[in-house]
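Undergrad: Spelled out, the chains give:
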Amino acid sequence: MVSWFPNKKLETLEQIKLRIESALPLTKLDILPNECPAGERSLVVDASRGLDVAKFLRDDAQLKLDYCSNVTGIDWPEAKIKTKVKKKVVVEGVEKEVEEIVETLRSGHLEVVYHLYSMELKHGPIVLRLRTANRTDQTHLPSFTPVWRGAEFQEREIFDLYGVIFDGHPDLRRILMWDEFVGFPMRRDYVEPDDFEYEPTPHDEVLDAAKKHYPVEVKAEVKPEVKA
Amino acid sequence: MIDEGLKSELQKQGVYVTSLQELYNWGRANSVWPLTFGLACCAIEMMAASMSRFDLARFGAEVFRPSPRQADLMIVAGTVTKKMAPLVVRLYNQMPEPKYVIAMGACAISGGPFKQGYNVLKGIDRYLPVDVAIPGCPPRPEALIHAIMTLQEKIRNQKLTGPDRPRHLNADVEGEYPVPAYGKHDLEPPKNPELWQPPTMTRT
Chain A
1 MVSWFPNKKL ETLEQIKLRI ESALPLTKLD ILPNECPAGE RSLVVDASRG
51 LDVAKFLRDD AQLKLDYCSN VTGIDWPEAK IKTKVKKKVV VEGVEKEVEE
101 IVETLRSGHL EVVYHLYSME LKHGPIVLRL RTANRTDQTH LPSFTPVWRG
151 AEFQEREIFD LYGVIFDGHP DLRRILMWDE FVGFPMRRDY VEPDDFEYEP
201 TPHDEVLDAA KKHYPVEVKA EVKPEVKA
Chain B
1 MIDEGLKSEL QKQGVYVTSL QELYNWGRAN SVWPLTFGLA CCAIEMMAAS
51 MSRFDLARFG AEVFRPSPRQ ADLMIVAGTV TKKMAPLVVR LYNQMPEPKY
101 VIAMGACAIS GGPFKQGYNV LKGIDRYLPV DVAIPGCPPR PEALIHAIMT
151 LQEKIRNQKL TGPDRPRHLN ADVEGEYPVP AYGKHDLEPP KNPELWQPPT
201 MTRT
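These protein sequence lines are chains A and B, in that order.
Position one of the first sequence corresponds to residue 1 (the working numbering), numbered consecutively onward.
Position one of the second sequence corresponds to residue 1 (the working numbering), numbered consecutively onward.
So that you can see chain A by itself, here it is in the shape it has in the complex (with noise of 0.2 Å):
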């Protein structure tokens, strides 16, 4: 992992995560590689013990992660991923590497990161993600605000436009929509309201909305009209 202090020596995430497992059984975690050049590897924990592993993370004398700087949200809707798989197969006793592409099924899901340093001892981030079960019903997460104050904030953001129940918050309201609206305007499959009015000079997206407001058949000439 590529740390933001290159002075500090932090623990590997492997040596992390069996720390964690050791202190905390029943504990379940993985490690999510990453392919970007950074390779910023995350540590993904099962919700239900998700307050302990925030716990052991924030006290625990060799980590001290007192510093919750980021919170996210990310949607995951339902999708066919294709991945290309290298088979060794058998033609007429010769052996052969064919390409296959595997088709597989990903369930929608709602994911909070967390990125987490230490201002005591000066290294991370540490990366955590959490995984809600689906995207309609079951979105409910255990809040980090109880042991991260500074979460408070983004957690109500990711509430307002994710949907995302935080558990244990203090005081999930909406933060930038107001308190009526309805639906979560970050979310992949939002339909955002009907509003288009007047456009001069319509192109892209916008000229499609335009022609659904005004039906005549759209040709070079545009002539604004002032009505009265």
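Simulated from the structure, these hints should not be mistaken for lab results.
We put the beta carbon where it would ideally sit given N, CA and C, even for glycine.
Please note that a few of the clues may not be correct.
Stated by the list, open to error - Stretches of chain B that chain A covers, calculated by requiring three or more beta carbons in the stretch to come under 8 Å of a beta carbon on chain A: (1) 117-123; (2) 127-141.
Said to hold, decoys possible - Here are the computed lysine-lysine pairs in the BS3-like style, where the Cα-Cα straight-line distance is at most 27 Å: (3) B:Lys7 x A:Lys211; (4) A:Lys211 x B:Lys154; (5) A:Lys212 x B:Lys7; (6) A:Lys211 x B:Lys184; (7) B:Lys154 x B:Lys7; (8) B:Lys184 x B:Lys115; (9) A:Lys212 x B:Lys184; (10) A:Lys96 x A:Lys86; (11) A:Lys17 x A:Lys28; (12) A:Lys212 x B:Lys191.
For chain A, the structure is supplied; the task is to place chain B on it using the hints.
TA: Only chain B this time, still in chain A's reference frame:
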């Protein structure tokens, strides 16, 4: 009404002739007090305009009032989100007559780069009568000064009597504008139809 040529001739001789309307408007135009009220990055330019380099005080508009009750001018400086719009209209309603509105920057005029967003009002002229609009993203302080000078020109040319007299001298005209309510997806109503009549497009 006194002849302009005679007026300037008299002025050269040390006799100053004016009308009550001119005197009244002269006073009003040179003491336009804006409301301390910024919404986004345009407000930074507004602050710069009031500071010493651009010195809005030269135009009598440096007294930014922190209360709508003491302000004459609302500079809508920045993106008006749908959540903020009712509060902006309410602030406008709380200002005493005569009152004016400057829409500063692309966002306040039309929603600007955020126009297609689900949370942004597509221009404050949906709810408020805008006197001067300044294009720009954000407009330079000089542009704001130009807007204030344009507004001063407008105030100076207002006639105090007659059917097109300003609103504060006409008891029949309602000075308050309806405050929109928060709806499930949008503001209700999404615009003030008396104020905002968009041009209809005809495609040939």
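Undergrad: With reference to the structure, classify each hint as holding or not holding.
TA: Hints and how they fare:
For the segment 117-123 of chain B, the stated coverage by chain A holds: 3 residues have a C-beta nearer than 8 Å to a C-beta of that chain, and at least 3 were required. With 0 residues bearing a CB less than 8 Å from a CB of chain A, the segment 127-141 of chain B misses the requirement of three and the coverage assertion fails. With a C-alpha separation of about 59 Å, the suggested pair Lys7 (chain B) and Lys211 (chain A) falls outside the 27 Å cut-off, and the hint is violated. Restraint check: the Cα-Cα separation between Lys211 (chain A) and Lys154 (chain B) comes to about 39 Å, which exceeds 27 Å; the hinted pair is violated.
At roughly 60 Å between alpha-carbon atoms, Lys212 (chain A) and Lys7 (chain B) are farther apart than 27 Å, so this suggested pair is violated. For the given pair, Lys211 (chain A) sits about 25 Å from Lys184 (chain B) by alpha-carbon distance, which is consistent with the 27 Å threshold. Distance check on the hinted pair: Lys154 (chain B) and Lys7 (chain B) sit about 22 Å apart at the alpha-carbon level, within 27 Å; holds. Note on Lys184 (chain B) and Lys115 (chain B): the hinted pairing holds, with a Cα-Cα distance of about 19 Å set against a maximum of 27 Å.
A hinted pair counts as satisfied when its Cα atoms are at most 27 Å apart, and Lys212 (chain A) with Lys184 (chain B) qualifies at roughly 22 Å. For the proposed pair Lys96 (chain A) and Lys86 (chain A), the alpha carbon gap of about 10 Å is at most 27 Å, so the pair holds. Restraint check for Lys17 (chain A) and Lys28 (chain A): the C-alpha separation of about 10 Å stays at or below 27 Å, so the hint holds. For the hint linking Lys212 (chain A) to Lys191 (chain B), the alpha-carbon distance of about 20 Å falls within 27 Å, and the restraint holds.
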